[in-house]
Amino acid sequence: MSQIIHYQQCPVCNSSRIQKVLTAEDFTVSHEKFDIWECADCTVRFTQDVPGMEDIGKYYKAEAYISHTDTNKGLVNRLYHYVRSITMKQKKSFVEKETGLKKGALLDIGAGTGAFADVMQKAGWQVTGLEPDETARGNAERLHGLTLRPYSDLFTLDENSFDAVTMWHVLEHVHDLHGYWKRISRILKETGVFIVAVPNYTSYDAQYYGEYWAAWDVPRHLYHFSPKSIDVLAKQYGFEVTQHIPMIFDSYYVSMLSEKYKKGKSRNLIAFTNGLESNQRAARNPKKYSSVIYIMKKVKNTL
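Residue numbers (my numbering): 160 to 462.
These aren't lab readings, by the way, just hints derived from the structure by calculation. Watch out, some of these pointers could steer you wrong.
[Unchecked claim] Below, a list of computed lysine-lysine pairs in the BS3-like style, where the Cα atoms sit at most 27 Å apart: (1) K457 to K251; (2) K459 to K262; (3) K192 to K217; (4) K261 to K456; (5) K459 to K421; (6) K217 to K281; (7) K387 to K179; (8) K456 to K419; (9) K341 to K394; (10) K459 to K348; (11) K281 to K262; (12) K419 to K459; (13) K348 to K262; (14) K394 to K348; (15) K456 to K220.
[What the hints assert, rightly or not] Just the calculated beta-carbon pair ranges, DEER-fashion: (16) T350 to P309: 27 to 37 Å; (17) G283 to S161: 40 to 50 Å; (18) L428 to L181: 18 to 28 Å; (19) K248 to A199: 32 to 42 Å; (20) A221 to R443: 17 to 27 Å; (21) M247 to S320: 17 to 27 Å; (22) G283 to Q178: 28 to 38 Å; (23) G259 to D214: 36 to 46 Å; (24) K220 to N444: 34 to 44 Å.
Glycine is no exception: its CB is placed at the ideal position from the N, C-alpha and C atoms.
Use the sequences and the hints to build the structure in full.
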């Protein structure tokens with residue numbers, strides 16, 4: 160029997176002050192519609208009535224779901240690969256800078272086809288990659304010679320064993336949200352760094368495109384985070400957000416997809432203009448970009 164998750168309380172802070180704010184369509188796979196609700200307290204938004212962990216898999220079965228297939232078809236996907244080649248170097252530098260290490264132990268959760276894990280391993284890091292999708296794991300083996308492990312292995316890893324844990328556009332997909340945070344807080348060293356990148360629904364491009372905003376990505380995105388909601392989660396598990404880093408390319412990529420969803424065709428010049436507008440409006444506030452990287456470190460016990 161299929162499991163559908165209906166929240167009576169906020170999945171982040173457990174508040175009962177939740178209500179529907181919009182309905183979005185799954186433009187990638189099923190074209191089903193899903194309601195998105197918001198918590199008045201922590202401000203997280205979440206997809207209501209999502210399939211459970213055992214039933215969500217079919218919503219990932221599309222060549223367009225690029226993190227699993229690595230397809231180069233179409234302008235948007237070619238752009239994705241071009242940008243990824245740039246951002247991989249940036250991600251590596253974030254990890255090195257925030258940990259203060261040139262080599263260390265890294266856990267990459269949601270490794271996709273292994274591009275980032277490959278970069279870090281070649282740089283001398285000891286890398287453990289977790290990826291739930293069998294196709295993506297196969298592609299990681301084929302493309303990079305990497306053996307990625309299933310998500311369940313997260314709960315078998317040794318405590319205090321990683322210098323860095325990364326989740327690049329993955330946290331919004333995780334059913335066991337609190338179980339993951341609790342486990343990550345245990346396997347990360349006291350001096351370790353937790354790096355999370357997620358879309359930001361408080362950005363201008365999200366406001367502009369409304370229900371057509373591509374980063375809703377229902378039902379695959381179970382949660383739609385605001386900076387405040389990430390801060391609430393971090394504090395629950397002994398972390399503090401020390402830095403917000405903008406992902407400046409995401410507004411263009413998301414706007415290109417959103418234009419196509421809204422108008423039924425590609426309008427790349429308009430999408431570029433809207434992506435640029437989003438970045439310009441966020442220029443003085445990194446918490447307002449289309450996607451944000453959150454650098455988190457453990458709160459030191461001063462007692």
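Consistency of the hints with the structure:
1. K457 to K251: Distance ~20 Å between K457 and K251 Cα, so the pair holds.
2. K459 to K262: holds (23 Å)
3. K192 to K217: holds (15 Å)
4. K261 to K456: OK: K261 and K456 at ~18 Å, within 27 Å.
5. K459 to K421: With Cα atoms ~47 Å apart, K459 and K421 exceed 27 Å; violated.
6. K217 to K281: violated (33 Å)
7. K387 to K179: Judged against 27 Å, a Cα distance of about 19 Å means the pair holds.
8. K456 to K419: violated (39 Å)
9. K341 to K394: Within the cut-off at roughly 11 Å; holds.
10. K459 to K348: holds (12 Å)
11. K281 to K262: Roughly 10 Å between the alpha carbons, so the hint for K281 and K262 holds.
12. K419 to K459: The hint is violated at about 47 Å.
13. K348 to K262: holds (15 Å)
14. K394 to K348: holds (17 Å)
15. K456 to K220: violated (35 Å)
16. T350 to P309: 27 to 37 Å: holds (28 Å)
17. G283 to S161: 40 to 50 Å: With Cβ atoms ~45 Å apart, the hint holds.
18. L428 to L181: 18 to 28 Å: holds (27 Å)
19. K248 to A199: 32 to 42 Å: Once the Cβ atoms are compared, 40 Å apart, the range 32 to 42 Å for A199 and K248 holds.
20. A221 to R443: 17 to 27 Å: Given about 37 Å between the Cβ atoms, the range is violated.
21. M247 to S320: 17 to 27 Å: Holds, at about 24 Å.
22. G283 to Q178: 28 to 38 Å: The hint (28 to 38 Å, Cβ to Cβ) is violated, given that G283 and Q178 are roughly 50 Å apart.
23. G259 to D214: 36 to 46 Å: holds (43 Å)
24. K220 to N444: 34 to 44 Å: holds (38 Å)
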